[in-house]
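Now for the letters of each chain:
Protein chains: 2
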Amino acid sequence: MSAAIDFYCDFASPYAYFAAPRLSELARRHGRALRWRPILLWTVLQAQGIATPLASKARSDYLINDMARSARFYGMPYRFPSHFPTSTHLAARGYYWVEQTAPDRAAAYGMAMFEAYFVHDINPRDPEAVADAAAKAGINDRAGLLAAMQDDRWKAALKAAGDAATSAGVCGSPFTMIDGEGFFGADRLPQIERWLAENGF
Amino acid sequence: MSAAIDFYCDFASPYAYFAAPRLSELARRHGRALRWRPILLWTVLQAQGIATPLASKARSDYLINDMARSARFYGMPYRFPSHFPTSTHLAARGYYWVEQTAPDRAAAYGMAMFEAYFVHDINPRDPEAVADAAAKAGINDRAGLLAAMQDDRWKAALKAAGDAATSAGVCGSPFTMIDGEGFFGADRLPQIERWLAENGF
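Chains as they are written, first to last, in our numbering: chain A, 5 to 205; chain B, 5 to 205.
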């Protein structure tokens with residue numbers, strides 16, 4: 005089996021939400037594992053010297069419209085979150101705990117985090133809301149998850165993922181790494197599909 | 005016939021070069037005129053409060069690789085320009101003169117400017133090189149074109165196009181406006197295609 009695909013994403017990134025199910029399907033079809041790497045995008049952008057796209061009103065207005073249109077284009081449920089922007093550190097720390105303790109549920113946990121934010125409009129800073137969303141993905145050790153959200157071990161795992169993203173050249177979310185080749189954005193899915201089919205082009 | 009589509013582009017934008025032939029074909033197929041609006045992207049980004057994407061090394065490295073890969077993906081000839089970044093004010097002023105004096109050659113002139121920069125590696129700051137490229141698009145009034153490049157009337161036309169772009173919410177190149185709906189990037193062509201087919205979605 006070929007090397008895993010790294011899927012760097014922030015759970016508050018709508019384009020990562022749009023990409024996730026399609027990328028999972030592409031990886032499966034091409035016999036590749038998909039390794040979710042949740043990050044806090046703002047920490048990576050800061051490390052790379054990139055201003056948040058929301059800093060400009062014109063760009064922010066464009067993106068808010070484009071997010072809703074892209075959701076319709078992909079046929080995915082979506083509402084603009086009440087808590088936007090936000091920090092997804094609780095959900096991301098929880099991810100690394102799930103990856104360790106229940107790896108076969110990790111992808112479902114990831115999708116549940118996106119849906120919680122972009123469909124059910126939770127506040128990602130509320131640990132109970134994150135735990136409720138995780139339960140929908142079959143994560144039943146609620147106490148374990150809540151503890152993991154505040155545990156130095158998973159704080160460090162999230163920090164390490166951010167550092168790895170920075171080193172790998174991540175410059176936005178989603179950012180997909182395939183055999184050292186980086187693809188930024190949900191709109192690179194057609195290029196990813198061809199790359200996987202032809203082992204590069 | 006429905007309203008014209010506005011194609012805001014900088015002649016030094018590789019993604020505008022990739023989009024131009026496809027967008028022309030889409031417009032033609034849907035009975036829409038395509039109105040090229042060459043701009044100086046940096047002036048619009050500055051007005052919108054957006055930093056140049058090349059300011060970050062990680063983002064610049066990504067884009068340089070993505071440009072070449074996207075050219076292969078679209079099957080278009082491409083080489084990274086020797087003069088990059090640059091200012092395309094001569095080619096853009098010339099465009100507005102051509103649009104006035106030989107409107108049926110305006111689109112060919114636009115494509116010739118992209119090819120001159122991304123295939124034949126000209127220096128866009130050299131008026132003679134721009135005039136050579138224009139000749140390939142059937143612009144034979146060389147003296148007229150060279151004069152237009154320095155004429156206040158066409159300087160003002162370019163300035164007006166940049167102001168219109170800023171007012172329309174342009175936040176990058178290419179930026180396509182269809183009936184008030186903006187689409188940023190060559191990677192929005194699939195959404196543009198659906199928008200034209202369904203009059204919105």
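Be aware that one or more of the hints could be misleading.
Okay, derived cross-link-like pairs now, SDA-like style, lysine to any residue, Cα gap no bigger than 25 Å in a straight line [stated by the list, open to error]:
#	chain 1	residue 1	chain 2	residue 2
1	A	K61	B	G189
2	B	K140	B	K61
3	B	K159	B	S64
4	B	K61	A	L67
5	B	K61	A	P57
6	A	K61	B	Q50
7	A	K140	A	A151
8	A	K61	A	D191
9	B	K140	B	P85
10	A	K61	B	S64
11	A	K61	B	A51
12	A	K159	A	T170
13	B	K61	A	M153
14	B	K61	A	K140
15	A	K163	B	S60
Source of the hints: derived by calculation from the structure; they are not laboratory data.
Against the structure, the hints:
Restraint check for K61(A) and G189(B): satisfied, since their Cα atoms lie roughly 18 Å apart, inside the 25 Å limit. At roughly 36 Å between alpha-carbon atoms, K140(B) and K61(B) are farther apart than 25 Å, so this suggested pair is violated. A distance of roughly 30 Å separates the Cα atoms of K159(B) and S64(B); the hinted pair therefore is violated under the 25 Å criterion. At most 25 Å may separate the alpha-carbon atoms for a hinted pair to count; K61(B) and L67(A) meet this at roughly 23 Å.
Taking the CA atoms of K61(B) and P57(A), the gap is near 17 Å; set against the 25 Å cutoff, the hint holds. For the hint pairing K61(A) with Q50(B), the CA-to-CA distance comes to about 12 Å; that is within 25 Å, so the pair holds. A threshold of 25 Å between alpha carbons decides the hint, and for K140(A) with A151(A) the separation of about 18 Å falls inside it, so the pair holds. A distance of roughly 22 Å separates the Cα atoms of K61(A) and D191(A); the hinted pair therefore holds under the 25 Å criterion.
Pair hint K140(B) plus P85(B) holds up; C-alpha atoms about 19 Å apart against a cutoff of 25 Å. A hinted pair counts as satisfied when its Cα atoms are at most 25 Å apart, and K61(A) with S64(B) qualifies at roughly 23 Å. Proximity of K61(A) to A51(B) is assessed by CA-CA distance (about 11 Å); at most 25 Å being required, the pair is judged to hold. Only pairs whose Cα atoms come within 25 Å are accepted, and K159(A) paired with T170(A) is accepted, the gap being roughly 17 Å.
Distance restraint check for K61(B) and M153(A): the Cα-Cα separation of roughly 33 Å exceeds the 25 Å cut-off, and the hinted pair is therefore not satisfied. A C-alpha spacing of about 40 Å is found between K61(B) and K140(A), which places the hinted pair above 25 Å, so the restraint is violated. Of the supplied pair hints, the one linking K163(A) and S60(B) holds, its CA atoms being roughly 21 Å apart against a limit of 25 Å.
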